[in-house]
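For the sequence shown, full-length UniProt numbering assigns the number 1 to the initial residue and increments by one for each residue that follows.
Mixed in with the good hints, there may be bad ones.
Think about it this way: if two alpha-carbon atoms lie no more than 27 angstroms apart in a straight line, the pair counts; the simulated DSSO-like pairs of lysine-lysine are [as the list claims (entries may be wrong)]:
| id | residue 1 | residue 2 |
| --- | --- | --- |
| 1 | LYS238 | LYS253 |
| 2 | LYS160 | LYS26 |
| 3 | LYS26 | LYS14 |
| 4 | LYS160 | LYS185 |
| 5 | LYS130 | LYS238 |
| 6 | LYS253 | LYS160 |
| 7 | LYS253 | LYS130 |
Keep in mind the hints are simulated off the structure, nothing from the lab.
The structure presented is a predicted model; accordingly, all values stated were derived computationally and were not measured.
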Amino acid sequence: MTTTPTAPGKATSKVPAAENTLRILKLLASRRGPMAASNIATALGLPRSSVYHLLGVMEANGFVLHLHEEQRYGLGISAFELSSAYSRQEPLSRLGRPMLASLVDVIGESAHLAVLHGRDVLYIVEERAKNRPSLVTDVGVRLPSHLTASGRAILAALPKSQVRALYPNAAAFTSRHEVEFPIMKYSALSSHLDQVRQRGYATENGEITPGFGSIAAAVTDHVGWPTAAVAVTFLEDKVPAEQWPVLAARIRKAADELSVRIHGRPGQ
Numbered sequence: 001m002t003t004t005p006t007a008p009g010k011a012t013s014k015v016p017a018a019e020n021t022l023r024i025l026k027l028l029a030s031r032r033g034p035m036a037a038s039n040i041a042t043a044l045g046l047p048r049s050s051v052y053h054l055l056g057v058m059e060a061n062g063f064v065l066h067l068h069e070e071q072r073y074g075l076g077i078s079a080f081e082l083s084s085a086y087s088r089q090e091p092l093s094r095l096g097r098p099m100l101a102s103l104v105d106v107i108g109e110s111a112h113l114a115v116l117h118g119r120d121v122l123y124i125v126e127e128r129a130k131n132r133p134s135l136v137t138d139v140g141v142r143l144p145s146h147l148t149a150s151g152r153a154i155l156a157a158l159p160k161s162q163v164r165a166l167y168p169n170a171a172a173f174t175s176r177h178e179v180e181f182p183i184m185k186y187s188a189l190s191s192h193l194d195q196v197r198q199r200g201y202a203t204e205n206g207e208i209t210p211g212f213g214s215i216a217a218a219v220t221d222h223v224g225w226p227t228a229a230v231a232v233t234f235l236e237d238k239v240p241a242e243q244w245p246v247l248a249a250r251i252r253k254a255a256d257e258l259s260v261r262i263h264g265r266p267g268q
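All chains, please: the whole structure from these sequences, using the hints.
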């Protein structure tokens, strides 16, 4: 397999296929949307035949997704699972926990930090406010991302093509409780995520636990991809709707602070 020309003074890789595979993944991760194979080859200085071969292997293993209609390639589920696995490691939890504790002290409501894991969100930190009821979002719990404020905040920060890949059909959607406007198909999810992008934060009203509401904002990395979400959950009758934007601004600030701590780009 042909490899990229070696720059002066740089040793030739002994495993060029592995190195080029990682280069392709890093390139796709740095872009806001999928890329054509020809553009990948040009950007990396690789032969198209080599790129197509590597993309085929990565697609078979779930690391890239081929969007046939667009003839482009994007990151696949396995790549997101790797990202989520990193997010679950101790550094993110250690950085997030004191920030959540400070947020809870200020607002008096329980907060948590969650990461995307497939189509679910996985809760990695929870800070319970004093005299507040226990929640289902204990550390290690997984919930469908399209039902939670945390999940919606993360999904809204992803390219739409990636969201579509996560929710290809009606079977991908589930519900826990009856609500007035359930999200049970992609068009409804897409419309809801548009609203999240416009507001800058996500909400959830009783879809996980009746009577409880949540507000969340995404934590983004150095290329603007969502790494996690900071969320606050509360009894809806204790926090009037007109107070939600004020609470959201505080949550957004905490998420931005965590983004900066991981060398990310806040306010995405």
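So, going through the hints one by one against the coordinates:
{"no.": "1", "hint": "LYS238 to LYS253", "in the structure": "22 angstroms, holds"}
{"no.": "2", "hint": "LYS160 to LYS26", "in the structure": "19 angstroms, holds"}
{"no.": "3", "hint": "LYS26 to LYS14", "in the structure": "19 angstroms, holds"}
{"no.": "4", "hint": "LYS160 to LYS185", "in the structure": "14 angstroms, holds"}
{"no.": "5", "hint": "LYS130 to LYS238", "in the structure": "14 angstroms, holds"}
{"no.": "6", "hint": "LYS253 to LYS160", "in the structure": "25 angstroms, holds"}
{"no.": "7", "hint": "LYS253 to LYS130", "in the structure": "22 angstroms, holds"}
Checked against the numbered hints given earlier, the structure satisfies every one of them.
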